[in-house]
Amino acid sequence: MIRNKDNPIVVLVSRIVSPFIMLFALYIIFHGHYSPGGGFQGGTMLAASLLLVRLAMGSEIAQLQFKSGWGTILGSVGVLIYFGTGLAAMLLGGTFLNYDFLSLSEITSHTRSMGILLVEIGVGLAVMGILVAIYDDLLEGDPDG
Amino acid sequence: MKIANYVILIAFLVLMIYASLGFPNRGDANARMNRETSLTGSTNAPSYYIHNANRDAHTPNMVTVILADYRGYDTLGEETVILTAGLICFLLLRKKRIPNDQK
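These protein sequence lines are chains A and B, in that order. Note that this note's numbering numbers the first sequence so that position 36 is 36, with each residue one more than the last. Note that this note's numbering numbers the second sequence so that position 95 is 240, with each residue one more than the last.
No lab work stands behind these hints: they were computed from the structure.
Selected chain B positions facing chain A (in silico; Cβ < 10 Å): (1) Asn-206; (2) Thr-209; (3) Leu-212; (4) Ala-213; (5) Leu-232; (6) Phe-235; (7) Leu-237.
Over 10 Å on every C-beta distance to chain B, these chain A residues come out as not near it, computed from the model: (8) Asp-6; (9) Ser-14; (10) Leu-23; (11) Leu-64; (12) Phe-66; (13) Leu-91.
Every residue, glycine too, gets a C-beta built ideally from N, C-alpha and C.
Build the full structure now, drawing on both the sequences and the hints.
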């Protein structure tokens, strides 16, 4: 089997392309209010940018960028952000996930917009963390990985 | 046995295609789900979303408003499903770390 991590072209191209995929993923998450996109799509692309480095250079080197144990933790943090947004709205006097009561802005509709953004960030983090974690779990104990 | 599997698969395929013939056309204004009011005379949910999404949440993308605001519970459930899948992979596939002297 050809070891891709020894191939300088693959390593160089993945090094150049990976940050741009990450940037575009962030654009998709934060621009989901105005164009097609959102947390699920952006999170998948964030995971793709991390997995590209893992595939091209091998899991050991990629640990410097994103450690294996972080994926599950980040997924839990993402779900907690989503749940916490809903719970904060409930504690501030509203109902669960009713962003009106978050009082992030003077205007009600702007507050809802910010609430949607918070929720989308949570979704993006969760999807990215879980996808990377599943890849790392599948490779666990593989000497080639 | 293999032939029986294929027969069942093709039978399901024919059933699905037959069932899909009953759907209204995409964007058909006279279909019941695309009408302004439902059978009971109240506003249909899609028509409410189209009229009020931008006013309610100051977000031009209607899909995002429906996904994260009107149907927030549903998206929370989806995210929990993803987290559960990740945790199951973690629990099933991670090996217990064996200390070096016991290898």
